[in-house]
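Using the sequences provided together with the hints, build the complete structure.
Going line by line, the protein sequences match chains A and B. Letter by letter, the first sequence follows residues 0 to 236 in numbering that gives the first Met the number 0. Letter by letter, the second sequence follows residues 0 to 378 in numbering that gives the first Met the number 0.
Hints should not be assumed to be uniformly reliable.
With a Cα cut of at most 20 Å, we get these calculated SDA-like pairs of lysine to any residue [what the hints assert, rightly or not]:
{"hint": "1", "chain 1": "B", "residue 1": "369", "chain 2": "A", "residue 2": "147"}
{"hint": "2", "chain 1": "B", "residue 1": "69", "chain 2": "B", "residue 2": "238"}
{"hint": "3", "chain 1": "B", "residue 1": "47", "chain 2": "B", "residue 2": "170"}
{"hint": "4", "chain 1": "B", "residue 1": "47", "chain 2": "B", "residue 2": "127"}
{"hint": "5", "chain 1": "B", "residue 1": "289", "chain 2": "A", "residue 2": "107"}
{"hint": "6", "chain 1": "B", "residue 1": "289", "chain 2": "A", "residue 2": "147"}
{"hint": "7", "chain 1": "B", "residue 1": "331", "chain 2": "B", "residue 2": "310"}
{"hint": "8", "chain 1": "B", "residue 1": "369", "chain 2": "A", "residue 2": "84"}
{"hint": "9", "chain 1": "B", "residue 1": "289", "chain 2": "A", "residue 2": "105"}
{"hint": "10", "chain 1": "B", "residue 1": "289", "chain 2": "A", "residue 2": "149"}
FYI, nobody ran anything at the bench for these hints, they're computed from the structure. The structure presented is a predicted model; accordingly, all values stated were derived computationally and were not measured.
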Amino acid sequence: MVQDKRSAIVEVRGVAKHYGEGEARVDALRSLDLTVHAGEVVALLGPSGSGKTTLLNIIGCIIDPSKGQVSLDGEMVYDNAWLRGDLRRLRLDKIGFIFQAHNLLPFLNAADNVALVLQLAGQSAAVAQARAQELLDYLEVGNRARAMPALLSGGEAQRVAIARALANSPRIILADEPTAALDSKRAGIVMDLLRKLAAEQDACIIAVTHDEKILDRFDHLFHLRDGRLEDKKEDAT
Amino acid sequence: MNLAFRDVRHNLFRFLLTCLGLGLLMTVVLAMMGIYNGLVADALNIVKAPQADLWVVEADTQGPFAEASKIPNDTREAVARLHGVVETGSITYQTVEAPFEGATLRLYVIGYERGRLGGPHTITEGRGLQASHFELVADAKSGLFLGDTLVLGRNRFTVVGLVRDTMNSGGDPAIFITLADAQVLQTQLAPSAARVQAARGASAGAAGGATIAAVIARLDPSVDVQNVAHTVRQWKHLAALTQNEQEDILIQSVVDKARKQIGLFLGILLTVSAVVIALIIYTMTMEKLKQIATLKLIGAPDSVIIGLIVQQSVALGAVGLILGLGLILAVKDYFPRRVLLEPVNALALTGIILVVCVLASGLGVRAALKVDPATALGG
Ligand SMILES: Nc1ncnc2c1ncn2[C@@H]1O[C@H](COP(=O)(O)OP(=O)(O)OP(=O)(O)O)[C@@H](O)[C@H]1O
Ligand SMILES: [Mg+2]
Chain A
0 MVQDKRSAIV EVRGVAKHYG EGEARVDALR SLDLTVHAGE VVALLGPSGS
50 GKTTLLNIIG CIIDPSKGQV SLDGEMVYDN AWLRGDLRRL RLDKIGFIFQ
100 AHNLLPFLNA ADNVALVLQL AGQSAAVAQA RAQELLDYLE VGNRARAMPA
150 LLSGGEAQRV AIARALANSP RIILADEPTA ALDSKRAGIV MDLLRKLAAE
200 QDACIIAVTH DEKILDRFDH LFHLRDGRLE DKKEDAT
Chain B
0 MNLAFRDVRH NLFRFLLTCL GLGLLMTVVL AMMGIYNGLV ADALNIVKAP
50 QADLWVVEAD TQGPFAEASK IPNDTREAVA RLHGVVETGS ITYQTVEAPF
100 EGATLRLYVI GYERGRLGGP HTITEGRGLQ ASHFELVADA KSGLFLGDTL
150 VLGRNRFTVV GLVRDTMNSG GDPAIFITLA DAQVLQTQLA PSAARVQAAR
200 GASAGAAGGA TIAAVIARLD PSVDVQNVAH TVRQWKHLAA LTQNEQEDIL
250 IQSVVDKARK QIGLFLGILL TVSAVVIALI IYTMTMEKLK QIATLKLIGA
300 PDSVIIGLIV QQSVALGAVG LILGLGLILA VKDYFPRRVL LEPVNALALT
350 GIILVVCVLA SGLGVRAALK VDPATALGG
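As structure tokens, then:
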């Protein structure tokens, strides 16, 4: 393995995942290795059913691998069994999710959706609100802070969701098709934003995407096929 | 921030509509409780009204409410002479139907001697009986007003006073007339065969004269009621019941069936309410599963999710209960019979609803905690 000056935040070693047993068995991932470093923005590519979402969910501690090892931010979290019981806390502190469907809570306005994550992490309401406004301003949706999610445009909602993913300054940001709902101009803006965040917060970003237009915004492209990484680990130019 | 409150506020109209539905259900439950209480209270009222300590009735009967009782007219004087008896009164009870303004009134006629025990307790309007004939005091529920006249038997009576909450256990409103009038009414309304016999001179009662249903007596507080009752029981043809015994008899024999009936119905109603509440809360949770998965994904602890469900279900129960209480208090006076709500009923229902809500949310909580956070990703 190439020695990297920057620290590895996500390390996946020999991870396999299958759903079901016997006849119904589906091998979503077969012995996969992946390393992502701080400050990196990487893309997971591959045809439908190749295991992209499965891999993202394993890194996000949402589903457990069938075998293998996963360590996050220098801490081994999975070695043929979960090594940490409080995966919830891990998700809250270290991981930010940006969903394909933005998944904002419909009964909270934009600012409260962001502030909720901060309050769950123990911030006071006032601090959480101030930081939420700051994040929304930063993502250029500050003027929509009091709007309910149903009234936001797709792009606005996605940026609020990104603000929420960033609220606790997570070191790992996982995004499943973050730009699927956006036009190419907006998609470019969101990607630039994610790059800036990765650099500023020393975080890594792993995004699943089908979007050809934004591939030049990634540091590395990982191609998945039938649950394996294809050899070419191409560097984006 | 309180998620339960925010979610309710977001879907306020729907929440209130659900509360209203639940509130109507609570109204029915409370009405049932009130009707039951009213039934017992009304039945007891007529026994309590004379404020007696002792009831002297026909031997081998549990009169005069649970069974018919007929004793001679002069029994009162005998009872009055007993040691410790302070006050007495002769009393008759009969149910009559009287035509009034084109309809037929069913009335419970109480005959008593003016100035003696057994008269109306608190006159709410007008005055008590003053003339020795053809005046009556009526329960307001009878629909009679002061000054109305009413034909009973062959005589016309004038309403001079009104009382409240005085009726027999069947709900027939009571009217008070003088004992003399009541006894005349008795013979006038007696089956014709008996009247023929009476006309021939055959004795209608044991003593040959008119009869009364019971003698009531008030005793000196220093005297043991049981002693006096014992003395009376040694007399031929007479039995004695203390006030407590009389009340027990009434509840057991007269009200008991109705009580069981209503009690059972109340049980069914409460079960239905519980099932409805459980269903509402379960559906409410199921609709939110995706949001709950999102909450889990962003790292919300289980307590936040449980809080969301339990708080909402308790709020639902509480608002429903308050609506129900408000509604029943607003309409209870329009019921044909008394709906009597005690604070303890509201408290009991509050307790039951609280338990039901918490149990019902247990079902929702179980579903919510089982949700896989991955379902929020939807990819
Ligand atoms: N919960 C599950 N139970 C059974 N099979 C599953 C489950 N989730 C995924 N699979 C299967 O695992 C394989 C990989 O799925 P995955 O969702 O990771 O693909 P993907 O690369 O994200 O596809 P897409 O681009 O369509 O989102 C697929 O064959 C899928 O049918
Ligand atoms: Mg997918």
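Check each numbered hint against the structure and report the violated ones by number, ascending.
-> 1, 7
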